[in-house]
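Please model the complete structure; the sequences and the hints are all you need to start from.
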Amino acid sequence: MTDADPIASLMIVFYALIGGAIRVSTPFLFVALGECLTEKSGRINLGLEGNLILGAMIGYAVSYNSGSAWAGVLAAGGVGVVLGVAHGWICKLPKVNDIAVGLAFMGLGTGLAFFFGKPYIQPSAPRLTSVPLGAWSDSPQVQQALQVNPLFFIGIILAVFLWWMLRSTRWGLVIRVTGDSAASAKAMGVNVDGVRLLATAAGGCLAGIGGAFLSLSYPGSWNEGLSSGQGLMAVALVIFARWNPLRCVLAALLFGAAGALGPSLQSIGVSFGYHFFNAAPYIVTLGIMIASARSRSAAVEAPRELSIIK
Amino acid sequence: MLNTRVLESVLIPLGALLASALIFAVFLLALGKSPVTFLSLVWTGGFSSWFSIQSALQRAAPLILTGLAFAIPARIGLTLLGAEGAVVIGGFAAAAVAIPLVGAGLPTAIVWPVMALAAMAVGAVWVGLAGWLKHHRGVNETISSLLLTYIAIAIVSFLIEGPFRDPGSANKPSTMPLGSDYRIGGMFDSSVHWGLAAGLLLAAALWVLMARTPFGFAARMTGGNLRAAQGQGLPVGRLLVACCAIAGACAGVAGFFEIAAIHGQANASLAAGYGFTGILVAFLARHNPLAVVPVAILFGALDASGGLVQRRMEMPDATMLVLQGIIFIVLLVSDTMYGRLPFLNPNRSGART
Amino acid sequence: MTQAKLSDCMPQIGPHPGGAMSLETRAMTKTFGALRALDDVSLNVRAGSFHALLGENGAGKSTLVKCIMGFHAADSGATLLDGAPVAIASPRQAQMRGIGMVYQHFTLVPCLTTAENLVIARPDAPGIIYWRAELQRLEAFMDRMPFRVRLDRHVADLSAGERQKLEILKLLYLDQRVLILDEPTSVMTPSEADEVLTLLGGMAQRGEITVLMISHKFREVKAFCDSFTVLRHGRVTGSGCAQDTSIDAMSRMMIGETQLRARAPRLTGEASGTTRAAAQPRLTLDAVSADDATGRRVVDAVSLDLHAGEVVGIAGVSGNGQSALVEVLAGQRALSGGRVLAHGQPFAPRRADLDRYKVFGLPEEPLRNAVVPRMSVAENMAFRSFDKPPVAGRFGLISPARMRAVAAGLIRRYNVQTPSADAPIETLSGGNLQRAVLARELSGDVEVLIVANPCFGLDFASVAEIRAQIMEQRNRGAAVLLVSEDLDEVLELSDRVAVMSAGKLGPVVAVEATDRDRIGREMGGH
Chain F
1 MTDADPIASL
11 MIVFYALIGG
21 AIRVSTPFLF
31 VALGECLTEK
41 SGRINLGLEG
51 NLILGAMIGY
61 AVSYNSGSAW
71 AGVLAAGGVG
81 VVLGVAHGWI
91 CKLPKVNDIA
101 VGLAFMGLGT
111 GLAFFFGKPY
121 IQPSAPRLTS
131 VPLGAWSDSP
141 QVQQALQVNP
151 LFFIGIILAV
161 FLWWMLRSTR
171 WGLVIRVTGD
181 SAASAKAMGV
191 NVDGVRLLAT
201 AAGGCLAGIG
211 GAFLSLSYPG
221 SWNEGLSSGQ
231 GLMAVALVIF
241 ARWNPLRCVL
251 AALLFGAAGA
261 LGPSLQSIGV
271 SFGYHFFNAA
281 PYIVTLGIMI
291 ASARSRSAAV
301 EAPRELSIIK
Chain U
1 MLNTRVLESV
11 LIPLGALLAS
21 ALIFAVFLLA
31 LGKSPVTFLS
41 LVWTGGFSSW
51 FSIQSALQRA
61 APLILTGLAF
71 AIPARIGLTL
81 LGAEGAVVIG
91 GFAAAAVAIP
101 LVGAGLPTAI
111 VWPVMALAAM
121 AVGAVWVGLA
131 GWLKHHRGVN
141 ETISSLLLTY
151 IAIAIVSFLI
161 EGPFRDPGSA
171 NKPSTMPLGS
181 DYRIGGMFDS
191 SVHWGLAAGL
201 LLAAALWVLM
211 ARTPFGFAAR
221 MTGGNLRAAQ
231 GQGLPVGRLL
241 VACCAIAGAC
251 AGVAGFFEIA
261 AIHGQANASL
271 AAGYGFTGIL
281 VAFLARHNPL
291 AVVPVAILFG
301 ALDASGGLVQ
311 RRMEMPDATM
321 LVLQGIIFIV
331 LLVSDTMYGR
341 LPFLNPNRSG
351 ART
Chain L
1 MTQAKLSDCM
11 PQIGPHPGGA
21 MSLETRAMTK
31 TFGALRALDD
41 VSLNVRAGSF
51 HALLGENGAG
61 KSTLVKCIMG
71 FHAADSGATL
81 LDGAPVAIAS
91 PRQAQMRGIG
101 MVYQHFTLVP
111 CLTTAENLVI
121 ARPDAPGIIY
131 WRAELQRLEA
141 FMDRMPFRVR
151 LDRHVADLSA
161 GERQKLEILK
171 LLYLDQRVLI
181 LDEPTSVMTP
191 SEADEVLTLL
201 GGMAQRGEIT
211 VLMISHKFRE
221 VKAFCDSFTV
231 LRHGRVTGSG
241 CAQDTSIDAM
251 SRMMIGETQL
261 RARAPRLTGE
271 ASGTTRAAAQ
281 PRLTLDAVSA
291 DDATGRRVVD
301 AVSLDLHAGE
311 VVGIAGVSGN
321 GQSALVEVLA
331 GQRALSGGRV
341 LAHGQPFAPR
351 RADLDRYKVF
361 GLPEEPLRNA
371 VVPRMSVAEN
381 MAFRSFDKPP
391 VAGRFGLISP
401 ARMRAVAAGL
411 IRRYNVQTPS
421 ADAPIETLSG
431 GNLQRAVLAR
441 ELSGDVEVLI
451 VANPCFGLDF
461 ASVAEIRAQI
471 MEQRNRGAAV
481 LLVSEDLDEV
491 LELSDRVAVM
501 SAGKLGPVVA
511 VEATDRDRIG
521 REMGGH
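Chains as they are written, first to last, in this note's numbering: chain F, 1 to 310; chain U, 1 to 353; chain L, 1 to 526.
Derived from the structure by calculation, the hints contain no laboratory data. You may find that some hints are simply not true.
Claimed, not checked - Quick list of simulated restraints, FRET-style, between CB atoms:
no.	chain 1	residue 1	chain 2	residue 2	range
1	U	Gly339	L	Arg368	15 to 23 Å
2	U	Phe188	L	Ala352	18 to 26 Å
3	U	Gly339	L	Asp175	50 to 58 Å
4	L	Arg476	U	Gly339	39 to 47 Å
5	F	Arg304	L	Ala334	34 to 42 Å
6	F	Gln266	U	Phe188	45 to 53 Å
7	L	Pro126	F	Ile157	22 to 30 Å
8	U	Ser34	F	Asn223	28 to 36 Å
9	F	Arg304	L	Pro126	24 to 32 Å
Where a beta carbon is used, it is the ideal one built from N, C-alpha and C, also for glycine.
Following this line, the structure appears as structure tokens:
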């Protein structure tokens, strides 16, 4: 424990928690938005964890080789699209179980990332520069906490865009129809598999970008322990957010805060139970799943074609 | 009819393995490596000598157990990913319960069964929880079991680094070592530990349970059509939890042997990914407990040859992960072939309305 | 055969720009494998008429309209609109031609609101939807319509009748001028049905639309339709003026001259009214209540006594809680209030209680509720017996050989057509599937039998056979609870009847003491 007065250390924890929540939540936000879009079309992609890790690795490698972090972000999105298209294509085959396919892609994405990522563990690549939102304050903790990555803002804008698109565009309605009743969609002349393929590809792209955030911003380097299930927790997060992109932002921030709890306590020297706090996001996720599984509002808002709901 | 179905369930997975091998060969060629060298190294490392066979069998043991841990819940319709967590937390329970017993100098005839039971019980409760949440709270078991795995790993690392840490383990936090007297050795002068025997025994027992007992029949009914099972008055909730608990106990046994036969103490090495490879094993075995055994041995051999491939071909250790990922995906794609093999279904080739 | 001239039925309406169109099919034929579903079918629906398409299940009505809508491609024959041949390859093309259909299953999207459902159904739905302007236009449209549905409600929250109205509104909103309705009133109360059909009839008479309605309710045909066509085994067996043709004549065209359905013999024995009152009921429902997934009460304090040797029929429009009631008794839905007694003892739908009180069931949609599609016929037939001797032998182990032997006996006795006892049961036809379930549930000693919509979607022969089996169980002394949406079935089989409406059960009365009209009023909640 430090010797400083308790109020000051509490403030430090508070700022660290806010900053941490923003940092930790960004990859959650991207994966959750991707998953949300995919699930709105009636398909579930448990493989976004693989997109996240492969995106992180490719993003880092491209950034290192090209010298541009943003090129890395684009490449990560691109590889996410490739995995998403593959997932979408396989799931449209009859008798194929989309949950299992997601697991397989989780494995393949992780494997490919570790396979090709070996040479990039040591070197350091250009990172995304953050926006110093804390410049007004002279407290270094505040400045440190409010170093916000541009991807966070892009994520928020994206969430608003998706919310608007699902509500007020033909494309958005078509996606929701497909996710809610494939029979109705077919009767309208919608190509159900095509819509789901595109939604999965777009979702995969977002997850890949979320991965690029991990390696190019926070923690900001490539290693094999970079992701620890964020891609999967995003699935739970989407259920918690009841398939609403705006609520995904809040949920991601909540998850981010849970994930930042351990490190922010460590910042004032509380290291006891660090590993226990590592479990916090998972425990929060599980708690949320339990709370929302039988909730009335979730039952009403769930896309009815989702295999995970049936 | 029956023969066609059996034939399909052998031919299609074999075909998928072959197709995966071809895809992987292309992958190797694209990297400028020789698939032939790879194959010969797998042969050398996994099958060619008594030494490599022992090494393969040793690695197959936990895969049989974790394969069963996925296959049994799959028969009742659950996609359960809790095995990895149950290996870790079961293994830890075994190591933790052993500390006072070993300290008291009790004989192995008492210590080992107590350790094994502790591992099975903790594993069963841990994974059983996912089944309970599924039935009573409607929580999706795939996600909950995966979260439980992450939680198990985090809790065990917390305990190993905190209250249960052996002060002597400086670099790699571990629990108190068992001591060589309490280590389980190889079977019949080999280096293959008794976990293989346990795996074979459990595979046979679980096959009988699922295929020949009313419990297994009821579980298969529930997995095939929950509403029909309810309509027949079956205790669906208890069946679900029981299948999950069996899965957790199998994984717990794997954890016990990891402690008692391999590591001698609980540390981060417990999370070696056996739980996740077990999923692939179970899928390839089409969730048949007996078929899990040969498939696990195959993957054990692949794993055993991994080091050799790494050294001789200068490829990263993730090579096997890539191969497994390819096999898994091709295997799932092959599910679409059931009932559609032209030479097995000559009269069903016409369009069905 | 009566071939009245259709032009006599109604006043001629000339080509009406922007109004009703005539619809014809000429010599339409469609085969599925060996089955000739449509055989040279010519249908003539005049512009502005309200035409009924009659026929038994499997007569080819659905196939015919699906060929018109472009779901199926007919093998030969043509569809004509306003006298001109048109090629329609998909429902979308039918829609663009102005032909719209209301299906038996809903095509509305439950998570979307009424407004969203209407807008997205439009082929010219805009890329970006300006909701304020859209809603104003929709309100204006609703004001012009004879009935309305609230625009901001989610479809999931609408009642079945409201959804059916919305389906029809959708077609009118899309400016479809030929409306094909597939048994549109099956989910409506009689008064709702009358309201909707009256209004559609009015629109047809004003020459705004043409209606082709699939129905098997003669009352509706007589009351609302001007003309009709009857199909049997894929052929046209008659057509004419609805007003000039008697119900008897129509029903003969539907089921043929040979025989009207013979009623299963009903033995009157010991189960007369007085002894019934004195005896202990076999099954008692005491204020049974249940909720749906969203917490809405769907079964509301239902009380009922079921005695030996009687059939109690529960009639009602689908979606009024009958299915939920059966699910409660089958253990598929939790009891949220009240209790169930068997022989006066507390009863739970557990295996031990099912065996002790000899409770059996024929649930609706057997593929969904009664069998495991991927398990073999033999295994499916062993669902009641797998945990008892002789199937379970020493050490409680199941003997597949004995299981197969038991199944082989049942297959012979109940005449189940299956390639082998080891074939997956999902490969059986509907009638054989239901026979396999009957064999399993009725071959033993039955004291209580719970039956739900047992003949839905089955052919004439299977229907007669299954009803006879149910009646036989009653005659042997079983207490039978029959839940059916088919009022004829309820009236044919029941000793006592009651109507379920909005989750509540009306008074249970002897079948002789009531009639169709009274039941019909009760179905509407009056």
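Each hint tested on the structure:
1. U:Gly339 x L:Arg368: 15 to 23 Å: For Gly339 (chain U) and Arg368 (chain L) the Cβ distance comes to about 21 Å; the hint holds.
2. U:Phe188 x L:Ala352: 18 to 26 Å: violated (48 Å)
3. U:Gly339 x L:Asp175: 50 to 58 Å: violated (44 Å)
4. L:Arg476 x U:Gly339: 39 to 47 Å: Roughly 41 Å apart at Cβ, these two residues keep to the hinted range, so it holds.
5. F:Arg304 x L:Ala334: 34 to 42 Å: Given range 34 to 42 Å: violated, Cβ gap about 21 Å.
6. F:Gln266 x U:Phe188: 45 to 53 Å: holds (51 Å)
7. L:Pro126 x F:Ile157: 22 to 30 Å: Given about 23 Å between the Cβ atoms, the range holds.
8. U:Ser34 x F:Asn223: 28 to 36 Å: holds (30 Å)
9. F:Arg304 x L:Pro126: 24 to 32 Å: holds (26 Å)
In summary, the structure is inconsistent with hints 2, 3, 5 from the numbered list given earlier, while agreeing with the others.
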